[in-house]
Amino acid sequence: MTPEEIENKKQEIASDISTNKVMLYMKGNKQAPMCGFSAQVIQILTHLGAEFETKDVLSDEGLRQAIKEFSDWPTIPQLYINGEFIGGCDITTEMFQNGELKTLISS
Amino acid sequence: MGDRYQRIMSILTETFSPALLELVDESQLHRGHHGHTGRDETHFFVTIASGLFSGQSSVACHRMVNAALKGELDSGLHALRIVVKRD
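Chains as they are written, first to last, in our numbering: chain H, 1 to 107; chain X, 108 to 194.
Okay, chain X solo, but in the shape it has when bound (with noise of 0.2 Å):
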């Protein structure tokens, strides 16, 4: 796994505590469009539970992940599907 892949596990981890945590490294599907090589961690799929959404619209929960990542979107992270688990 690519160094962007561990930050972003270890930001979420120490972020949300979560209960789930699920991390895909979807670049190579992205592989051509906008000069993206399918190596360079631009796309990822983040599925990820945790008692911090509880009670929060689903808008809520993805700016909590966005803002959480700021640093990674800023610098290279070009696209970041997120499925938040709620009870």
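Next up, chain H with everything else stripped away, as it sits in the complex (with noise of 0.2 Å):
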């Protein structure tokens, strides 16, 4: 993976998730989540009957280093809503816990 390969993904990170009002960075898809973390938002996002765009890291070499240095967060899920980053699986429960990922979500 060449430094611009690198470059170019991120661009297309920062597309995505000004593109989508909630980012999903996992590994597999919506149907086949290949990690239990992965399948945990994609269940709390399901629950709280979001509207998502996911991305395969598995899939994507280049993405799945570029995320990390995007985000400087070393481990997949990472979850964007409106452009910002919240966290990874244990954060996104922590705030499905609390309410704050539901007002997030319907703001």
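Please note that a few of the clues may not be correct.
[Stated by the list, open to error] Below 20 Å or equal to it, Euclidean Cα-Cα: the simulated DMTMM-like pairs (lysine to aspartate or glutamate) are:
1) H:LYS55 - H:GLU69
2) X:LYS177 - H:ASP72
3) X:LYS192 - X:GLU121
4) H:LYS21 - H:GLU84
5) H:LYS30 - H:ASP90
6) H:LYS55 - H:GLU12
7) X:LYS177 - H:GLU69
8) H:LYS10 - H:ASP72
9) H:LYS21 - H:GLU100
10) X:LYS177 - X:ASP110
11) X:LYS177 - H:ASP90
12) X:LYS177 - X:ASP132
13) H:LYS30 - H:GLU51
14) X:LYS177 - X:ASP147
15) X:LYS192 - H:ASP90
16) H:LYS68 - X:ASP181
17) H:LYS55 - H:ASP72
18) H:LYS30 - H:ASP56
19) H:LYS68 - X:GLU179
20) X:LYS192 - H:GLU94
21) X:LYS192 - H:GLU100
22) H:LYS68 - H:GLU7
23) H:LYS10 - H:GLU69
[Unchecked claim] Facing chain H, a subset of chain X residues (Cβ under 7 Å, in silico):
24) SER165
25) VAL166
26) ASN173
27) LEU180
28) ARG188
29) ILE189
[As the list claims (entries may be wrong)] Pair ranges (Cβ atoms, derived):
30) X:ARG114 - H:GLN31: 35 to 45 Å
31) X:LEU136 - H:GLU94: 18 to 28 Å
32) X:GLY178 - H:LEU58: 23 to 33 Å
33) H:GLN11 - X:GLY109: 34 to 44 Å
34) H:GLU4 - X:LYS192: 39 to 49 Å
35) X:ALA175 - H:GLU94: 16 to 26 Å
36) X:TYR112 - H:SER107: 39 to 49 Å
Calculated from the structure, these hints are not laboratory results.
Glycine residues also receive a C-beta, built at the ideal position from the N, C-alpha and C atoms.
Mind docking these for me? Both chains are given alone in their own frames, and the hints should help you get the complex.
Next up, the structure:
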């Protein structure tokens, strides 16, 4: 993966998170999450009735590297809402439980 | 407990002087996926409380823990569940 390729992926991320109100970088896809943490975030977003887009880092090594650098966050999944980094599975779960996530999604 | 368990405990203790620190090796739960054997110290769950977290957002606290453990994350620590306890 060249630095240029990573840079291009970061631009793609910047575009994705500005175009999609709720954007999830995950392992696998909505129908077939490939990791329990990604599956949990999908479950929460679905439960809240959120419309969201996903991208699969397992099928795109450049994206996997780029999203970690872009967010300065070492693990997947990563959730963005309104263009802002929310966190991974733990923070998403915490914000679901305290109601903040619902508020953000319906804002 | 394995080497990585001991290293994580000592790094977090030194970095955060935690009032509470619990570390669970959850690698066994992930045996089989991505070739993990369940004995390879790849998945951990940390619960931590520290005065250093007061006034910080969840994301900021998680970033602090991730930064402290960057060496581990770069050398085979695959997943880290984090619960930060704040007053």
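Hint-by-hint comparison with the structure:
no.: 1; hint: H:LYS55 - H:GLU69; result: holds (16 Å)
no.: 2; hint: X:LYS177 - H:ASP72; result: holds (11 Å)
no.: 3; hint: X:LYS192 - X:GLU121; result: holds (18 Å)
no.: 4; hint: H:LYS21 - H:GLU84; result: holds (9 Å)
no.: 5; hint: H:LYS30 - H:ASP90; result: holds (19 Å)
no.: 6; hint: H:LYS55 - H:GLU12; result: holds (11 Å)
no.: 7; hint: X:LYS177 - H:GLU69; result: holds (13 Å)
no.: 8; hint: H:LYS10 - H:ASP72; result: holds (12 Å)
no.: 9; hint: H:LYS21 - H:GLU100; result: holds (16 Å)
no.: 10; hint: X:LYS177 - X:ASP110; result: holds (16 Å)
no.: 11; hint: X:LYS177 - H:ASP90; result: holds (18 Å)
no.: 12; hint: X:LYS177 - X:ASP132; result: holds (17 Å)
no.: 13; hint: H:LYS30 - H:GLU51; result: holds (12 Å)
no.: 14; hint: X:LYS177 - X:ASP147; result: holds (18 Å)
no.: 15; hint: X:LYS192 - H:ASP90; result: holds (13 Å)
no.: 16; hint: H:LYS68 - X:ASP181; result: holds (12 Å)
no.: 17; hint: H:LYS55 - H:ASP72; result: holds (18 Å)
no.: 18; hint: H:LYS30 - H:ASP56; result: holds (9 Å)
no.: 19; hint: H:LYS68 - X:GLU179; result: holds (15 Å)
no.: 20; hint: X:LYS192 - H:GLU94; result: holds (12 Å)
no.: 21; hint: X:LYS192 - H:GLU100; result: holds (17 Å)
no.: 22; hint: H:LYS68 - H:GLU7; result: holds (12 Å)
no.: 23; hint: H:LYS10 - H:GLU69; result: holds (8 Å)
no.: 24; hint: SER165; result: holds (5 Å)
no.: 25; hint: VAL166; result: holds (5 Å)
no.: 26; hint: ASN173; result: holds (5 Å)
no.: 27; hint: LEU180; result: holds (5 Å)
no.: 28; hint: ARG188; result: holds (6 Å)
no.: 29; hint: ILE189; result: holds (5 Å)
no.: 30; hint: X:ARG114 - H:GLN31: 35 to 45 Å; result: holds (38 Å)
no.: 31; hint: X:LEU136 - H:GLU94: 18 to 28 Å; result: holds (20 Å)
no.: 32; hint: X:GLY178 - H:LEU58: 23 to 33 Å; result: holds (24 Å)
no.: 33; hint: H:GLN11 - X:GLY109: 34 to 44 Å; result: holds (41 Å)
no.: 34; hint: H:GLU4 - X:LYS192: 39 to 49 Å; result: holds (43 Å)
no.: 35; hint: X:ALA175 - H:GLU94: 16 to 26 Å; result: holds (20 Å)
no.: 36; hint: X:TYR112 - H:SER107: 39 to 49 Å; result: holds (41 Å)
Taken one by one, the earlier hints all hold for this structure without exception.
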